[in-house]
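So the protein lines, in turn, are chains C and Y. Residue numbers for the first sequence follow our numbering, beginning at 309 and rising by one. Residue numbers for the second sequence follow our numbering, beginning at 309 and rising by one.
Honestly, the hints are just simulated from the structure, not real lab data. Cβ atoms here follow ideal geometry from the backbone N, Cα and C, with glycine treated the same way.
Distance windows between CB atoms, simulated:
id : chain 1 : residue 1 : chain 2 : residue 2 : range
1  : C       : R486      : Y       : G534      : 48 to 54 Å
2  : C       : R486      : Y       : D572      : 45 to 51 Å
3  : Y       : W706      : C       : W706      : 22 to 28 Å
4  : C       : W706      : Y       : Q508      : 20 to 26 Å
5  : Y       : G534      : C       : A341      : 46 to 52 Å
6  : Y       : P487      : C       : A341      : 31 to 37 Å
Some residues of chain Y that are not near chain C, with every Cβ distance over 12 Å (derived):
id : residue
7  : E329
8  : E330
9  : W331
10 : A339
11 : Q348
12 : G398
13 : D452
14 : Y456
15 : Q508
Protein chains: 2
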Amino acid sequence: MRARTGSVTPGAAWTAVGTFEEWCLARIRQALAGASLRVQLWDGRSIRLSDHLPVATVVVRDRWTLVRLLVDSDVAFGEAYARGRIEVQGDLVAALETIDRACAGRPFQRRRPRARPIAPGASRHNVHTHYDLGNQFYRLWLDDQLLYTCAYFAHPGMTLEEAQRAKMEHVCRKLRLRPGDRVVEAGCGWGALALHMARQYGVIVRAYNISANQLAYARDRAAREGLDDRVTFIDGDYRSIEGPADAFVSVGMLEHVGRHNYADLGRAIARVIDPARGRGLLHFIGRNAPLELSAWIDKHVFPGAYPPALSEVLPDVLEASRLSLIDVENLRLHYARTLACWHARFEDHVDEVRAMFDDAFVRTWRLYLAGSEAAFLAGDMQLFQVVFGRPLDNDQPWTRQDWYEPHADAVL
Amino acid sequence: MRARTGSVTPGAAWTAVGTFEEWCLARIRQALAGASLRVQLWDGRSIRLSDHLPVATVVVRDRWTLVRLLVDSDVAFGEAYARGRIEVQGDLVAALETIDRACAGRPFQRRRPRARPIAPGASRHNVHTHYDLGNQFYRLWLDDQLLYTCAYFAHPGMTLEEAQRAKMEHVCRKLRLRPGDRVVEAGCGWGALALHMARQYGVIVRAYNISANQLAYARDRAAREGLDDRVTFIDGDYRSIEGPADAFVSVGMLEHVGRHNYADLGRAIARVIDPARGRGLLHFIGRNAPLELSAWIDKHVFPGAYPPALSEVLPDVLEASRLSLIDVENLRLHYARTLACWHARFEDHVDEVRAMFDDAFVRTWRLYLAGSEAAFLAGDMQLFQVVFGRPLDNDQPWTRQDWYEPHADAVL
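Isolated chain C (complex conformation) (with noise of 0.2 Å):
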């Protein structure tokens, strides 16, 4: 009989007389195939994934635990980490991404997910879950003017407050702010990018959200900052924007909109800019082809989201409204170090965490942040930033040029 401690090679002979751990090790050792991961029993028997140098150790703490990874892996890996019956020793985002590579280099079929329509109430609800935990727990970790979307590193050098100035920035530039312009924002978290492009540009804005929390801080920001005859914070989903607008942005919404309803947001979209000369920009989470996000993710951290693959945004949101397509960027690598930069200061802050919530939610946004670093890291997650105009505009920018000229010191 062999020793119950010690490391088993992959490829050993014990896969086929073990025990009921050993064949639940050789059956993960099978799906992960390739991940330079070490995983490790309760009782210290262990195993590696592949021939590669293991970047961190799994520990499994049960037998149960282990069971339901065999049957429900996503969610049963989440709630597992949460309650601490799982622990990563090692680099936590090193071990994700090896094994969001391992799924990757399986045979691929093209998952259709699931459409579940998204009523306004429940938007509302799902929004409120996430973002209404309170402003004093993102003001830990996020930057200084709360902006919980894709920053943009124009300079590798940049914080993460210069890098989320920089992608307003970007953002304003893409649009073609001119002052004067009216600006209607679907989604606008804390309000920084509306106020940005108040103070910035002199556009006035609309900027709607279902946030209570958050409509609360952006509208104080504004008169704190004199820009409230610029700047006005509506309660309202993108199903309630009203124009004229000559651009529309949207920046993070697009996620918890729901594939059911794009074409709602494209024919609001339409209704609301301007004619001849409206354009716009969508940025969103998304996908390389269409695929259902993560089960944990949708039962723990965002209730109805979904990031989408290009093909299902563009016919029903611009495609069947007459939109063009001017620009599409995809800034998958700034989000996995936005994301580095967020996980950072919650690990510096992270007894303060615990103090609101408790061990299971530290441990829950840590994989989350950790998670989504790793996805971003390994091409699973896409950053689309796509910009679009009216057909007949022939008032474009002759290149993108622009967009790349430095950056003015007041601006950054």
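Add chain Y to chain C, keeping to what the hints say.
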């Protein structure tokens, strides 16, 4: 009875009591409501299609042409124009643009066009029909390197020659070419891009084409320039491409592939490019939404061609082959300007063209060049450059800034 000559203002009562011709004119006015045009009949009667000042007068020379215009407007207009049975007095491009814009304003139906498979033999025939009209002919009005695709006017003052070199440079930058890289080009025209890549970037190119005239020209040029050790011109289409390659590029070919074959194209690309670092660029004429090509263009200029919407290209070419979209740029107005350059040179050499072919050919090509420019100006056609890569490749440029650095003199 009303005078047989002289102008009839819109909305006048004569449509109710008029002759058959007047009924036909009223139908045309209805179909092209809002167009800034005057339509004049063989007997001098004329009608304005809107209250706007006409940019041109379309003269219809006989009753049979007038009737055909109602039944089969697109083909009838082109064929009658070629035979001189329709004349356009005034600015031809502006006349066609105002027609396109009037059509664009009509209630929108997403026309899902018929998809016809294109067999390899048909591709060869289709390509032969257009591209084998003789290098002599194309030399009269293309740039000095015979690039028959959209140029890139990086600066407004560029000549056509400069803009075509800037286009090649733009493509090379997007492909991130490095010395020694192996590049596959599908549909290489007269070989200018393949030779540019080899000369300026020191890459090894396998360039495919099924036009005999173009291949002969390209091989001869490679030998003359001493680049035939680095560039191989191969008789074959995208189905016959072979790797391994670091990059795939195709400029102005996708329009001839046919929608039925997009998945084949995607598989061919995914098969030849490096599994880790492979990348590519597709440059093609597209649409804002799926729409059948002009039947006249299909019959008389580009048999089998189809400019797709992005929503038609992405699922089969990229998503099904697990390729990741990195960048899309719409160069619509660059193609309008390119066509204006070609058209001007064409008219400069119109007597030579007429001597090579006949007057109907001259008029057909004049309409094709002017009509294409109008279609890009009216937002009816788009020019997409799509950059893609492997999902797991993190060796990406951080921003697109490098694409906008000044060009070295040696290159342009």
